[in-house]
Amino acid sequence: MNRSSKAIAASALLILICIGALSYRSQVRNEEDREWVTHTHLVVERLQAIRIDITQAETGQRGYILTGQDRYMALYGTGVDRLGQDIKALQDLTSDNSEEQESIKRLRSLITDRLGELADGIEVRKQSGLLAGVEAVTQGNNGELWMEMIATQIGEMRRTEAELLSARLKTAAASTRKMKVLIACGNTLAILILLVKGFVIHREIGKRTLAEQNLKQANESLERRTAELSETNIELESFAYSVAHDLRAPLRHIAGYSGVLTQDYGPRLDAEGLRCLGKIVDCAHKMGTLVDDLLALSQIGRQELSFQDTALGSLVAQAVEDLAPEFAGRDLKWQIGDLFNAECDSRLMKQVFANLLSNAVKYTRKREYAVIQVGQTTVNGERVVFVRDNGVGFDMQYAAKLFGVFQRLHKARDFEGTGVGLAIVQRIIRKHGGRIWAEAALDQGATFFFTLGTPENKAPKQPELAIHEEEMDVARS
Amino acid sequence: MSHEVEILLVEDSPEDVELTIRALRRNKLANEIQVAEDGAEALDFLFCRGSFKDRTPSSLPKLVLLDLKLPKVSGMEVLRAIRGDERTKAIPVVVLTSSKEERDLIDGYQLGVNAYAQKPVDFEQFSETVRQIGMFWMLINQPPPPGTFVASRAQGA
Numbered sequence: 001m002n003r004s005s006k007a008i009a010a011s012a013l014l015i016l017i018c019i020g021a022l023s024y025r026s027q028v029r030n031e032e033d034r035e036w037v038t039h040t041h042l043v044v045e046r047l048q049a050i051r052i053d054i055t056q057a058e059t060g061q062r063g064y065i066l067t068g069q070d071r072y073m074a075l076y077g078t079g080v081d082r083l084g085q086d087i088k089a090l091q092d093l094t095s096d097n098s099e100e101q102e103s104i105k106r107l108r109s110l111i112t113d114r115l116g117e118l119a120d121g122i123e124v125r126k127q128s129g130l131l132a133g134v135e136a137v138t139q140g141n142n143g144e145l146w147m148e149m150i151a152t153q154i155g156e157m158r159r160t161e162a163e164l165l166s167a168r169l170k171t172a173a174a175s176t177r178k179m180k181v182l183i184a185c186g187n188t189l190a191i192l193i194l195l196v197k198g199f200v201i202h203r204e205i206g207k208r209t210l211a212e213q214n215l216k217q218a219n220e221s222l223e224r225r226t227a228e229l230s231e232t233n234i235e236l237e238s239f240a241y242s243v244a245h246d247l248r249a250p251l252r253h254i255a256g257y258s259g260v261l262t263q264d265y266g267p268r269l270d271a272e273g274l275r276c277l278g279k280i281v282d283c284a285h286k287m288g289t290l291v292d293d294l295l296a297l298s299q300i301g302r303q304e305l306s307f308q309d310t311a312l313g314s315l316v317a318q319a320v321e322d323l324a325p326e327f328a329g330r331d332l333k334w335q336i337g338d339l340f341n342a343e344c345d346s347r348l349m350k351q352v353f354a355n356l357l358s359n360a361v362k363y364t365r366k367r368e369y370a371v372i373q374v375g376q377t378t379v380n381g382e383r384v385v386f387v388r389d390n391g392v393g394f395d396m397q398y399a400a401k402l403f404g405v406f407q408r409l410h411k412a413r414d415f416e417g418t419g420v421g422l423a424i425v426q427r428i429i430r431k432h433g434g435r436i437w438a439e440a441a442l443d444q445g446a447t448f449f450f451t452l453g454t455p456e457n458k459a460p461k462q463p464e465l466a467i468h469e470e471e472m473d474v475a476r477s
Numbered sequence: 478m479s480h481e482v483e484i485l486l487v488e489d490s491p492e493d494v495e496l497t498i499r500a501l502r503r504n505k506l507a508n509e510i511q512v513a514e515d516g517a518e519a520l521d522f523l524f525c526r527g528s529f530k531d532r533t534p535s536s537l538p539k540l541v542l543l544d545l546k547l548p549k550v551s552g553m554e555v556l557r558a559i560r561g562d563e564r565t566k567a568i569p570v571v572v573l574t575s576s577k578e579e580r581d582l583i584d585g586y587q588l589g590v591n592a593y594a595q596k597p598v599d600f601e602q603f604s605e606t607v608r609q610i611g612m613f614w615m616l617i618n619q620p621p622p623p624g625t626f627v628a629s630r631a632q633g634a
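Line order of the protein sequences matches chains W and S. Sequential numbering from 1 applies to the first sequence in this note's numbering. Sequential numbering from 478 applies to the second sequence in this note's numbering.
If you're looking for bench data, these hints aren't it; they were derived computationally from the structure. Glycine included, each C-beta is placed from N, C-alpha and C at the ideal position. One thing to keep in mind: the hints can contain errors.
Label-pair restraints from in silico Cβ distances [what the hints assert, rightly or not]:
| no. | chain 1 | residue 1 | chain 2 | residue 2 | range |
| --- | --- | --- | --- | --- | --- |
| 1 | S | ILE583 | W | GLN217 | 42 to 52 Å |
| 2 | W | ASP282 | S | LEU582 | 21 to 31 Å |
| 3 | S | GLU481 | W | GLU235 | 32 to 42 Å |
| 4 | S | GLU481 | W | LYS411 | 35 to 45 Å |
Chain W on its own, in the form it takes in the complex (with noise of 0.2 Å):
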């Protein structure tokens, strides 16, 4: 469309362009055609002269022979002198037309012939007298003849110089009829062409400014619906926290009430209602875990991060620290690799390590050894913290329900919990611009991989010292 477009306008240009060339050249060739008319006229005019100087001369001349007057003398000279100049004259105007400068030759050769009679008449005059000068004026008397021809021939060189005139006018008036209708058609066809040029400009603004349009609603729709997103996303997380938090309340009651029954009532109940009263007190706290937990997965959705260069070890050394009185007594190893400082919020990525490792720890509680370990790889160029046990695994297939919020994969009977401590670490992963996922087989032992987003994290201050199945092995042997 552009490339089309573009054309079109040169087009319009070009046509402009040569009206352009054709006008100036018509115009010059009506100067030209002025310039002749003006030619004509002064040829004429000439020829007119000459025979106005002819006459002159020969009046001075019979004035001269029948009065003897210098006067007379002095008027036949200048009508000679006069005649040599307007035949120089006419023959410089149509030295450019040799049918003219022949017809100048035979009026000049007519001209002199004419004049040397009349000088011949003058010599009489004054060699002689009045007498032989009258009768040698008289005695050929053939001037009427002469003046004749003369007069002829100027009148067919009058008439030689307006035909062509006339043709030379009617050439021009042709190409000025031409040039005229050649104008008139390329102006029209330039006009029409930028009219059909505008028309499809206009088109096409009119199709870009609907586009815009279209995309500009788009934009805000989706402005709104991401505010609105975000805006349920905030009411869910404070609806979340505010059940949480009022559920609360009444669970302390029914394990207060409860607790003041045993101690005020206890002695009146039998054995099977001290039982009931237990599952009672039980069940509360079983409730104020699940309320304290989906309190604290609210709160990770609520808090803003604090990024600060964290070494990544030192948090697996502390949560292994903190998680010591649930596997004392145990066989366990731990084998920590060196992990990389990543750019995160120590104190959530602590949460991070203390609930996988502590899920390690459950879910390994009924091998004879276990073995934990935390180690850093490379995925794809990205770093890749891992956290392996030989625990009791899980089956693939409800992988996708592993991070899901009072999700389980194991009967409370054997293992207990919430099921909130993965969601909390997937969402504390995510908050960072992470992912994380996890491999496992039934029986075979678990592993989570994770990512922290890749732009903060820095380079190991150690070669990455990722820890090996082969080495697995040999802490188990």
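Here the structure of chain W is known, so what remains is to put chain S in place on it, guided by the hints.
Same frame as chain W, now just chain S:
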């Protein structure tokens, strides 16, 4: 009132009031407990306004046990009012609440709370928490001498 109030318990839940008082009494920690069911009532008591206008102003509690989620005037606003007034700013205030939201902790300490405890779900733990708070603030802690308040009041007048 014949006896001086030792603890002002600001708590809107009757169950929590009952369980807290029970825990205190079983440990013989407070004979005189004044309960305020919302923040406004707590402030009326402390500043001898409204239904407490006949109370002796110089008689201030040894401890304020403050819940945060309260009708009318919130616990934080009560804390702000206590710390913002020369007559009451030295009273020990302990927040005892369901929430351990980071925001609440930060706000509480910034407003000058003396201690912050979350109410445990477990009744034994709850009783123990209340007992330890009462023990410390009633028996171990030395309260500000009475002159502290009198002098402040004289300055404020």
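Quiz item: Do ASP282 (chain W) and LEU582 (chain S) keep their Cβ atoms within the hinted range of 21 to 31 Å?
Solution: holds (30 Å)
Quiz prompt | Verdict for GLU481 (chain S), LYS411 (chain W) (Cβ pair) under range 35 to 45 Å | solution = violated (58 Å)
Practice problem: Starting from the hint 32 to 42 Å, judge whether the C-beta atoms of GLU481 (chain S) and GLU235 (chain W) obey it. | Solution: violated (47 Å)
Quiz item: Are ILE583 (chain S) and GLN217 (chain W) spaced within 42 to 52 Å by their CB atoms?
Solution: holds (43 Å)
Against the hints set out earlier in the document, violations occur for numbers 3, 4.
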